[in-house]
Amino acid sequence: MNVDSRDLMEAAGDVARKAGDVALGFFRSGIAVDTKSDGTPVTVADRTAEWTARQWLEERFPDDGLLGEEFGETRPGAKRRWILDPIDGTKTFIRGVPLWGTLVAVAEGERILAGAAYFPAVNEMLVASPGLGCFWNGTAARVSSQAELSQAVVLITDERFLQNPTKGAAWRELSRQASLSRTWGDCYGYLLVATGRAEAMVDEGLSPWDAAALQPIIEEAGGVFTDWKGQRTAFGGDGIATNAALAARVREVLGAGGRP
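Per the numbering used here, the very first residue in the sequence shown carries number 1; after that it's consecutive.
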């Protein structure tokens, strides 16, 4: 099926809103929490929201592949695939904190064609597609122009860096040099960078469904999204998002490789 980039961006936003609103119906409802084989939590809200997104996409893009956090991969050989995270920030969700989101991306290989991030509990939506821009609740989104790290806001999901203490030490140095550092990151931190309310968001570990929607959002808002090796990719296993003015400086402090 031939679909242009604007249609894909609109579809990503539509399915993110549909799945996110399903998840919102379970929010702060006292639902049970299960533990997956990797030790992370999952709820009926995650599963129902992803299933809703899959059904919506199957009806409209039946030849496309699907990759989701809860139900794995469908049609892995398809040229185009949709990448789904029904609730990014499940630990946040189950504690009743509203800073979680629904992420949807569509890609050919590792080239992201469009992405959407919907935050149902705070009614914020980001959609983006390369060359078309990034839009926050329908208006153009833009990263900040702050060029001084000493005046910057830097964000993290979990500052303990349990998987990689070396990265943790680098983060603490970045935090020390910045004006303000905050947690409760997850996908909400990337929203804050894309809309100019923070200058950097750092994650030590990201799955494809965590990062795929965020790369075009940050880049089309005028920012820089890379992995810790400095590569412009959503499939590097970790992530650093910044405004353009501080891209090199933040990655220098973090000891990230490459040139953003």
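I should point out that these hints are in silico values taken from the structure, not numbers from a laboratory. The structure presented is a predicted model; accordingly, all values stated were derived computationally and were not measured. Among the hints, a few may not be true.
[Unchecked claim] Beta-carbon label-pair distances, calculated as ranges:
1. Ala140 to Asp34: 39 to 47 Å
2. Arg232 to Asp7: 18 to 26 Å
3. Gly77 to Trp56: 15 to 23 Å
4. Gln177 to Asp63: 21 to 29 Å
5. Val122 to Pro41: 18 to 26 Å
6. Glu252 to Asp7: 33 to 41 Å
7. Ser145 to Lys79: 26 to 34 Å
8. Ser179 to Arg111: 34 to 42 Å
9. Pro41 to Arg182: 17 to 25 Å
10. Ser207 to Trp56: 35 to 43 Å
11. Asp34 to Thr74: 18 to 26 Å
12. Ala32 to Glu148: 41 to 49 Å
13. Lys36 to Ala147: 27 to 35 Å
14. Arg111 to Phe71: 34 to 42 Å
The C-beta atom is built at its ideal place from N, Cα and C for all residues, glycine as well.
Now the hints, each set against the structure:
no., hint, result
1, Ala140 to Asp34: 39 to 47 Å, "holds, 40 Å"
2, Arg232 to Asp7: 18 to 26 Å, "holds, 25 Å"
3, Gly77 to Trp56: 15 to 23 Å, "holds, 22 Å"
4, Gln177 to Asp63: 21 to 29 Å, "violated, 49 Å"
5, Val122 to Pro41: 18 to 26 Å, "holds, 21 Å"
6, Glu252 to Asp7: 33 to 41 Å, "holds, 40 Å"
7, Ser145 to Lys79: 26 to 34 Å, "violated, 38 Å"
8, Ser179 to Arg111: 34 to 42 Å, "holds, 35 Å"
9, Pro41 to Arg182: 17 to 25 Å, "holds, 22 Å"
10, Ser207 to Trp56: 35 to 43 Å, "violated, 22 Å"
11, Asp34 to Thr74: 18 to 26 Å, "holds, 22 Å"
12, Ala32 to Glu148: 41 to 49 Å, "holds, 47 Å"
13, Lys36 to Ala147: 27 to 35 Å, "violated, 42 Å"
14, Arg111 to Phe71: 34 to 42 Å, "violated, 23 Å"
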